[in-house]
Amino acid sequence: DTAVSQTPKYLVTQMGNDKSIKCEQNLGHDTMYWYKQDSKKFLKIMFSYNNKELIINETVPNRFSPKSPDKAHLNLHINSLELGDSAVYFCASSLAGRTGELFFGEGSRLTVL
Amino acid sequence: DQQVKQNSPSLSVQEGRISILNCDYTNSMFDYFLWYKKYPAEGPTFLISISSIKDKNEDGRFTVFLNKSAKHLSLHIVPSQPGDSAVYFCIFGNEKLTFGTGTRLTIIP
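Note that the protein sequences, when read in sequence, are chains A and B. Going by the numbering used here, the first sequence opens with residue 832, and the numbers climb by one from there. Going by the numbering used here, the second sequence opens with residue 368, and the numbers climb by one from there.
Heads up, some of the hints might be wrong.
[What the hints assert, rightly or not] Footprint (simulated), chain B over chain A, 3 or more residues, beta carbon under 8 angstroms: (1) 875-887; (2) 934-943.
[As the list claims (entries may be wrong)] With a straight-line cut-off of 25 angstroms between C-alpha atoms, the simulated DSS-like cross-links for lysine-lysine are: (3) B:Lys421 with B:Lys463; (4) A:Lys853 with A:Lys867; (5) B:Lys463 with A:Lys902; (6) A:Lys902 with A:Lys853; (7) B:Lys372 with A:Lys875; (8) A:Lys871 with B:Lys423; (9) A:Lys871 with B:Lys421; (10) A:Lys872 with B:Lys463; (11) B:Lys438 with A:Lys875; (12) B:Lys423 with B:Lys372; (13) B:Lys463 with B:Lys423; (14) A:Lys875 with B:Lys435; (15) B:Lys421 with B:Lys372; (16) B:Lys421 with A:Lys867; (17) B:Lys435 with B:Lys423; (18) A:Lys883 with A:Lys872; (19) B:Lys438 with A:Lys898; (20) B:Lys435 with A:Lys867; (21) A:Lys871 with A:Lys850; (22) A:Lys902 with A:Lys875; (23) B:Lys435 with B:Lys421; (24) B:Lys463 with A:Lys871; (25) B:Lys438 with A:Lys872; (26) B:Lys438 with B:Lys463; (27) A:Lys883 with A:Lys871; (28) B:Lys463 with B:Lys435; (29) B:Lys421 with A:Lys872; (30) A:Lys850 with A:Lys902; (31) B:Lys372 with A:Lys853; (32) A:Lys883 with B:Lys463; (33) B:Lys423 with B:Lys438; (34) B:Lys438 with B:Lys372; (35) B:Lys372 with B:Lys463; (36) A:Lys872 with A:Lys902; (37) A:Lys872 with B:Lys372.
Source of the hints: derived by calculation from the structure; they are not laboratory data. C-beta atoms are modelled at their ideal positions from N, C-alpha and C, and glycine is treated no differently.
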């Protein structure tokens with residue numbers, strides 16, 4: 832069983848479309864994250880949720896909207912996709928307060944044409 | 368504003384020798400420091416950590432050194448094995464994690 836699973840793993844779409852990436856963790860963790868790895872290989876945090884509550888929201892365009900229906904899921908919805916949104920998006924989870932020990936998903940490669 | 372720098376994008380080391388990966392940082396407010404390892408098509412996985420009050424932490428073949436005065440973090444792997452070939456990220460933590468850009472380590476059999 833995959834501890835942190837993301838779907839889809841690959842997503843190719845046109846500019847202007849709306850898309851979602853789903854994330855689920857079966858580790859019983861309280862905190863979930865979305866990270867973006869850009870073309871320069873920087874891994875940057877986008878959002879963090881603890882028990883469905885938003886606790887970190889970095890400077891991310893409001894076209895990106897995370898949704899946490901329960902503490903095991905954190906989905907990322909992106910409206911009006913732009914070329915610059917092309918990246919690998921990683922979901923991660925951790926126990927509350929254990930921000931150093933993240934468990935990452937395999938990543939979702941988004942390509943915007 | 369790049370607070371964490373891994374100046375070597377790649378490194379090749381012979382099997383059995385020591386691999387040394389380096390990282391420099393600018394922010395003095397980090398509480399702890401970590402190394403993560405990433406294989407292709409997989410997410411990063413936790414490798415080893417060190418708190419800001421220590422200068423060395425060892426776990427098997429992996430040792431992390433912290434030089435706070437120089438704001439420098441390093442990871443030593445000895446002896447290096449082919450399975451160590453991966454991208455290594457140094458990460459600095461307070462209320463959130465700040466990732467370096469990664470160093471691709473290749474162990475040559």
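Going through the hints against the structure:
1. 875-887: Held - the stretch 875-887 of chain A has 4 residues with a Cβ nearer than 8 angstroms to chain B, which meets the minimum of three.
2. 934-943: holds (count 5)
3. B:Lys421 with B:Lys463: OK: B:Lys421 and B:Lys463 at ~20 angstroms, within 25 angstroms.
4. A:Lys853 with A:Lys867: Holds - the C-alpha atoms of A:Lys867 and A:Lys853 are around 14 angstroms apart, at most 25 angstroms.
5. B:Lys463 with A:Lys902: 19 angstroms, holds
6. A:Lys902 with A:Lys853: 13 angstroms, holds
7. B:Lys372 with A:Lys875: Answer holds: B:Lys372 to A:Lys875 is near 14 angstroms, not above 25 angstroms.
8. A:Lys871 with B:Lys423: 30 angstroms, violated
9. A:Lys871 with B:Lys421: 31 angstroms, violated
10. A:Lys872 with B:Lys463: Distance ~18 angstroms between A:Lys872 and B:Lys463 Cα, so the pair holds.
11. B:Lys438 with A:Lys875: Cα-Cα ~21 angstroms, so holds.
12. B:Lys423 with B:Lys372: 20 angstroms, holds
13. B:Lys463 with B:Lys423: 22 angstroms, holds
14. A:Lys875 with B:Lys435: 24 angstroms, holds
15. B:Lys421 with B:Lys372: Given pair B:Lys421, B:Lys372 holds - Cα atoms ~21 angstroms apart, limit 25 angstroms.
16. B:Lys421 with A:Lys867: Outside the cut-off at roughly 30 angstroms; violated.
17. B:Lys435 with B:Lys423: 11 angstroms, holds
18. A:Lys883 with A:Lys872: 28 angstroms, violated
19. B:Lys438 with A:Lys898: Violated, at about 37 angstroms.
20. B:Lys435 with A:Lys867: Answer violated: B:Lys435 to A:Lys867 is near 28 angstroms, above 25 angstroms.
21. A:Lys871 with A:Lys850: Given pair A:Lys871, A:Lys850 holds - Cα atoms ~23 angstroms apart, limit 25 angstroms.
22. A:Lys902 with A:Lys875: The hint holds at about 22 angstroms.
23. B:Lys435 with B:Lys421: Given that 25 angstroms is the threshold and the Cα spacing comes to 9 angstroms, the pair holds.
24. B:Lys463 with A:Lys871: 20 angstroms, holds
25. B:Lys438 with A:Lys872: With a Cα-Cα distance of about 22 angstroms, the restraint between B:Lys438 and A:Lys872 holds, given a limit of 25 angstroms.
26. B:Lys438 with B:Lys463: Since the Cα atoms of B:Lys438 and B:Lys463 sit roughly 18 angstroms apart, the hinted pair holds (cutoff 25 angstroms).
27. A:Lys883 with A:Lys871: Outside the cut-off at roughly 31 angstroms; violated.
28. B:Lys463 with B:Lys435: 19 angstroms, holds
29. B:Lys421 with A:Lys872: 29 angstroms, violated
30. A:Lys850 with A:Lys902: Within the cut-off at roughly 21 angstroms; holds.
31. B:Lys372 with A:Lys853: Distance ~31 angstroms between B:Lys372 and A:Lys853 Cα, so the pair is violated.
32. A:Lys883 with B:Lys463: The hint holds at about 17 angstroms.
33. B:Lys423 with B:Lys438: 14 angstroms, holds
34. B:Lys438 with B:Lys372: 11 angstroms, holds
35. B:Lys372 with B:Lys463: 17 angstroms, holds
36. A:Lys872 with A:Lys902: At roughly 28 angstroms apart (the allowed maximum being 25 angstroms), A:Lys902 and A:Lys872 break the hint.
37. A:Lys872 with B:Lys372: 12 angstroms, holds
Hint check: violations occur at hints 8, 9, 16, 18, 19, 20, 27, 29, 31 and 36; the rest are consistent with the structure.
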